[in-house]
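Below are the chains, spelled out letter by letter.
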Amino acid sequence: MFIKNGWYVAAWGHEIGRELTQRWIIGEPLVLYRTQAGEVVALEDRCPHRRASLSKGRLVGDAVQCGYHGITFDCTGACVHVPGQEKIPSSMAARRFPVVERWQWVWIWMGDPAAADESLLPDFHYNEAPGWVATGGCIPVEANYQLLTDNLLDLTHEAYVHGKTIGNSAIVDVPIEHHVEGNEVHVQRVMRNTPPPPLFKRVRHFEGNIDRWQIIRFNMPAHISIDARGLPAGTDDVSRGLRWFSINSITPIDERSSLYFWTITRCFDLEDEALTKLIGDQIYKTFMEDVEVLEAQQIMIETDQRQQPDVSIRADSGTISARRIVQKLVEESNSTAVRQVASRVAG
Amino acid sequence: MFIKNGWYVAAWGHEIGRELTQRWIIGEPLVLYRTQAGEVVALEDRCPHRRASLSKGRLVGDAVQCGYHGITFDCTGACVHVPGQEKIPSSMAARRFPVVERWQWVWIWMGDPAAADESLLPDFHYNEAPGWVATGGCIPVEANYQLLTDNLLDLTHEAYVHGKTIGNSAIVDVPIEHHVEGNEVHVQRVMRNTPPPPLFKRVRHFEGNIDRWQIIRFNMPAHISIDARGLPAGTDDVSRGLRWFSINSITPIDERSSLYFWTITRCFDLEDEALTKLIGDQIYKTFMEDVEVLEAQQIMIETDQRQQPDVSIRADSGTISARRIVQKLVEESNSTAVRQVASRVAG
Amino acid sequence: MFIKNGWYVAAWGHEIGRELTQRWIIGEPLVLYRTQAGEVVALEDRCPHRRASLSKGRLVGDAVQCGYHGITFDCTGACVHVPGQEKIPSSMAARRFPVVERWQWVWIWMGDPAAADESLLPDFHYNEAPGWVATGGCIPVEANYQLLTDNLLDLTHEAYVHGKTIGNSAIVDVPIEHHVEGNEVHVQRVMRNTPPPPLFKRVRHFEGNIDRWQIIRFNMPAHISIDARGLPAGTDDVSRGLRWFSINSITPIDERSSLYFWTITRCFDLEDEALTKLIGDQIYKTFMEDVEVLEAQQIMIETDQRQQPDVSIRADSGTISARRIVQKLVEESNSTAVRQVASRVAG
Chain A
0 MFIKNGWYVA AWGHEIGREL TQRWIIGEPL VLYRTQAGEV VALEDRCPHR RASLSKGRLV
60 GDAVQCGYHG ITFDCTGACV HVPGQEKIPS SMAARRFPVV ERWQWVWIWM GDPAAADESL
120 LPDFHYNEAP GWVATGGCIP VEANYQLLTD NLLDLTHEAY VHGKTIGNSA IVDVPIEHHV
180 EGNEVHVQRV MRNTPPPPLF KRVRHFEGNI DRWQIIRFNM PAHISIDARG LPAGTDDVSR
240 GLRWFSINSI TPIDERSSLY FWTITRCFDL EDEALTKLIG DQIYKTFMED VEVLEAQQIM
300 IETDQRQQPD VSIRADSGTI SARRIVQKLV EESNSTAVRQ VASRVAG
Chain B
0 MFIKNGWYVA AWGHEIGREL TQRWIIGEPL VLYRTQAGEV VALEDRCPHR RASLSKGRLV
60 GDAVQCGYHG ITFDCTGACV HVPGQEKIPS SMAARRFPVV ERWQWVWIWM GDPAAADESL
120 LPDFHYNEAP GWVATGGCIP VEANYQLLTD NLLDLTHEAY VHGKTIGNSA IVDVPIEHHV
180 EGNEVHVQRV MRNTPPPPLF KRVRHFEGNI DRWQIIRFNM PAHISIDARG LPAGTDDVSR
240 GLRWFSINSI TPIDERSSLY FWTITRCFDL EDEALTKLIG DQIYKTFMED VEVLEAQQIM
300 IETDQRQQPD VSIRADSGTI SARRIVQKLV EESNSTAVRQ VASRVAG
Chain C
0 MFIKNGWYVA AWGHEIGREL TQRWIIGEPL VLYRTQAGEV VALEDRCPHR RASLSKGRLV
60 GDAVQCGYHG ITFDCTGACV HVPGQEKIPS SMAARRFPVV ERWQWVWIWM GDPAAADESL
120 LPDFHYNEAP GWVATGGCIP VEANYQLLTD NLLDLTHEAY VHGKTIGNSA IVDVPIEHHV
180 EGNEVHVQRV MRNTPPPPLF KRVRHFEGNI DRWQIIRFNM PAHISIDARG LPAGTDDVSR
240 GLRWFSINSI TPIDERSSLY FWTITRCFDL EDEALTKLIG DQIYKTFMED VEVLEAQQIM
300 IETDQRQQPD VSIRADSGTI SARRIVQKLV EESNSTAVRQ VASRVAG
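Chains as they are written, first to last, in numbering that gives the first Met the number 0: chain A, 0 to 346; chain B, 0 to 346; chain C, 0 to 346.
Chain A on its own, in the form it takes in the complex (with noise of 0.2 Å):
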């Protein structure tokens, strides 16, 4: 279950450079390239003559000739060479993705390409935003992609997956604000007076309680940012705090497996690359503690026989929103596309 007419992140902008490189997602395989120009060029893999994937082929030029029998698309996907012939069949085309290059980060259009929209780009700008400083990368999870939205808009897991970094149990007893506005999700918890957790500390030197805020925003098809924030109790003083982005995208690479993107982008200590460095390898120790997590619940429901319905608490509001949303827009999609063939058939 896939919303097709959405952005999803297919990598890293430094991943895609002069040689091909494949990607799957939403159960597509895709030719990643950067033209002579610098732009990303996402082709589907597959040449459409046998089906040859493109990314074993070779770049000429701008073009991308299939490594079977030399049939060359250029980065609009249109053929512009078929070996031994001088015409070409009018089919003889592959399948362009529209992409778009922002925050450090390579975004893709898996659905209708008519209708890709740049305003539905999540809000990443703190991935590269003067006076912010960024660590990230890319996990492969063997989960659901809804599994890993679930856990970033639920925090109450902190308290029990991530005791050694950036949980405690503080957060279990405050309650989350939610509300819904269109098609994006947001959840708020606000902590006062609270233990920083142990990663809080080490960054930021805290010596007593601070007051902790936690904003959630989910947009779809999964993008999640979390502004982070952790002040000395009582006081106002950013310059002593710890503020950070968690920023997060999930790419599915198909109903089991997902790519989980993510930066840390802080406002402090900026030229500080050892800190750059612990808070990087912290965060992603952290999120393997989800990986285990999340692998183990894929496996579990994956194997329910009775597929049992969930039982919900009051902490999955927003996870609930959130599916509600992805859940309409699937469904929203899968109607057009009948109307689309009704009104093909009717005509």
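What the hints contain is simulated information worked out from the structure, not anything from laboratory work. These numbers were taken from a predicted model, which means no experiment stands behind them. Using N, Cα and C, we set each Cβ at its ideal position, and we do this for glycine too. A hint or two may mislead.
For the chain C half of the interface with chain A, some residues (derived, Cβ under 8 Å), not all of them [stated by the list, open to error]: (1) 155; (2) 158; (3) 172; (4) 174; (5) 292; (6) 296; (7) 300; (8) 302; (9) 303; (10) 304; (11) 310; (12) 312.
Model the placement of chains B and C on the given structure of chain A, informed by the hints.
Using the frame of chain A, we list chains B and C on its own:
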């Protein structure tokens, strides 16, 4: 095709302690642990909240705390804590499975708890009886559990598979006797004045022929004990003979893999630990010869596009009776389930 | 989709001896061995008793004894012994497959034995002809067998896949001629005054251009011989030219994996063993380049949710003809099977 209302061996008693242990039985994941008082508990290894794997969580006293969101279940499966809220949803409960610990093994009832009946346990008391000493293990096998019960109910194969340890050609010439009592199958073979197989000779130093008995009893779903005796031919001299029970229980993991729990328990040379080790090693080797045959057989059955029917021979009478009993019990249980659904719908 | 009434290469002759060898062909497991007189025998690798794998058993003279319960089959598949009983059940027989050993290879007929017709063997006598010396092998490939026959029937790919050995761009500019004779496909390409590809140069030390012939013949189900010639351009001087046959037979293991049997058999420098080794090594490398392309293509085809139709070009005419022949023979065979069932029901 599994019997649900029956006892399966979930583990050796010594395998279950104060840490959470996962095990799969007839396709269901279980979490097993021992309470502070020493009782073994088995719950479905799925948190009812979001189906996280409870065995990834932790014990808090005698309760299991889910490692994801901290929801906690006591050893009856009742939920005793939902972090962040007072009220516990009425359907928040982990499924509990009846457990009995007996004769060194932990037994689990996979069906209706109200129907759990200890009188249906097979009599395996020789695993832990005064005057008897047992050695054994647990072997994972990539084969359907009924291929293992077939194997144990027709020991003719010893001549072809186990020529180095417990088999020789004598076995082939003597037909089996068999009869059925309720849901029990008895198979017996008595070989008079026959050469002892290699392991018998190593263990009891026979100088001439022996009289040899194999008295096999099958109990549903997949329990088999073999009363094996070898006495100097023409004598009743148990003191110079071999007598042991081969006690076997096959636990289906799923339709194509199984756990094979086994012991050899003998009533001679009880203090001889080297002998215990010799028997354990030799029988393990013997059973691994079976594993090789059975795993190949499993592949041949599941790849058989024509699903050719078996061609039976005289030696199969015991295995056929046992399969009929299992078939009948599975069908009864299915039709009971259908009746229950029908009466719920009618009511 | 497999032709049953056809010959497949089961093995190189030297692979089959006095031990039992398992091989899978069109989804069927076979046990192969050689009788004391040197005849190759092929039986279904399932004991009719309980479908144990006969290849795990042993040879007793020219008979196969099942390694599980000792039931024994002669080299016609007839059961000659059931341990423990005199009477042999009438349906106790192993399925036998017709076998022919010819031109270094063991050929097996996978369909109705009564229809086995040696005149349907492709003429591969150059594998073992006076004045010719062959080198070759067998490569397992994770791809449908027809992707391999496609590959061999359109050698345009040599320019893109095999630039280091047998390919260069000359091939692209010359169109193929093709015609169909019954169930045979002939494809021919003649390249005049063209640079020799790298391996041709290494083997025959050409100093200038060559005239180059590729004369390809396809026989069902999946046999392809290529008569390859390269002579100094404008001459008929075979003594200074290259001529070899590339002889290929693809045996489907199942729908997505195959065994690729191949030889190169040449009629020059027969005694030069270093040359034989050079050709063997270089052609193996060349075919492994194909394997990489074909295994990627297989994945792209089997993951294609839309099952997009191929877009064909001029060079595909031979592959399309060959696929039509296979399609027709499979359909004929299916409708024959339906008629046989119908007449049995009617009768």
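- Message: Are any of the numbered hints broken by this structure? If so, which, sorted upward?
- Response: Structure breaks no hint.
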